[in-house]
Amino acid sequence: DAKTTQPTSMDCAEGRAANLPCNHSTISGNEYVYWYRQIHSQGPQYIIHGLKNNETNEMASLIITEDRKSSTLILPHATLRDTAVYYCIVRGLYNQFYFGTGTSLTVIP
Amino acid sequence: NAGVTQTPKFRVLKTGQSMTLLCAQDMNHEYMYWYRQDPGMGLRLIHYSVGEGTTAKGEVPDGYNVSRLKKQNFLLGLESAAPSQTSVYFCASSYISYEQYFGPGTRLTVT
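First to last, the protein sequences are chains A and B. Be aware that the first sequence starts at 5, since it is given in the working numbering, and climbs by one per residue. Be aware that the second sequence starts at 1433, since it is given in the working numbering, and climbs by one per residue.
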């Protein structure tokens, strides 16, 4: 199964867009990319997912490169409540999730 | 709907003791999962189930057993607890190939 690589930490000013990158260079053609976040030690929360097209929902946008080897999660207007660890995940054949270590995003007032 | 619930929320065990963690979901999901999360790390998959009566190994299955006798429940057992199993355990469920919904976690300490 493909693994993902993310920066360990990032800062973002409140009200600005937060762009979180992820590399998944060994992803196969039918594997989806999912993004989750975890606030403190709570259970991870679903944000968005995609296969090859860009996706947008009420929480975020997901941009996937044409070769599908990387993606970017965009939080358009970051708030203090968006401070969390963000995980980029490649889904396995039976919907198993393989988490990396994630990116710790700190939104600064 | 309660979503995914986990019992207990906290537990302290002594080395060699056994225990069972219970995960329950009321969303009629087919798939269920057990993960563990160690400090500073992402979640790692222990076991999963794609339906009632079926289970499969994940990334870190050693030292754990699971059972899925009812569709809504997924049990994680530790037969002989070790300090290395000190962790936060998360259960999740999903409707086949859709997003997973996670429970609040069980914090287990083995002394």
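In case anyone wonders, no lab produced these hints; they're calculated from the structure. Check each hint, because a few of them may be wrong.
[Stated by the list, open to error] Short derived list, chain A residues pointing at chain B, Cβ under 8 Å: (1) Cys-16; (2) His-44; (3) Gln-46; (4) Gly-47; (5) His-53; (6) Gly-54; (7) Asn-57; (8) Phe-103.
We treat Cβ as the ideally placed atom computed from N, Cα and C, and that holds for glycine.
Status of the hints after comparison with the structure:
Because the closest C-beta pair between Cys-16(A) and chain B is about 21 Å apart, greater than 8 Å, the hint is violated. Of the supplied interface hints, the one on His-44(A) is violated, with its beta-carbon coming no nearer than about 10 Å to a beta-carbon of chain B, more than 8 Å. At its closest, the beta carbon of Gln-46(A) sits 7 Å from a beta carbon of chain B; the interface hint therefore holds under the 8 Å criterion. Because the closest C-beta pair between Gly-47(A) and chain B is about 3 Å apart, less than 8 Å, the hint holds.
The closest approach between the C-beta of His-53(A) and any C-beta of chain B is roughly 7 Å, which is under the 8 Å cut-off, so the hint is satisfied. Nearest Cβ of chain B to the Cβ of Gly-54(A): about 12 Å, over the 8 Å cut. The hint is violated. The beta carbon of Asn-57(A) comes no nearer than 17 Å to any beta carbon in chain B, farther than 8 Å, and the hint placing it at the interface is violated. At about 3 Å, the closest approach between the beta carbon of Phe-103(A) and any beta carbon in chain B falls short of 8 Å, and the interface hint on this residue holds.
Checked against the numbered hints given earlier, the structure breaks hints 1, 2, 6, 7 and satisfies all the rest.
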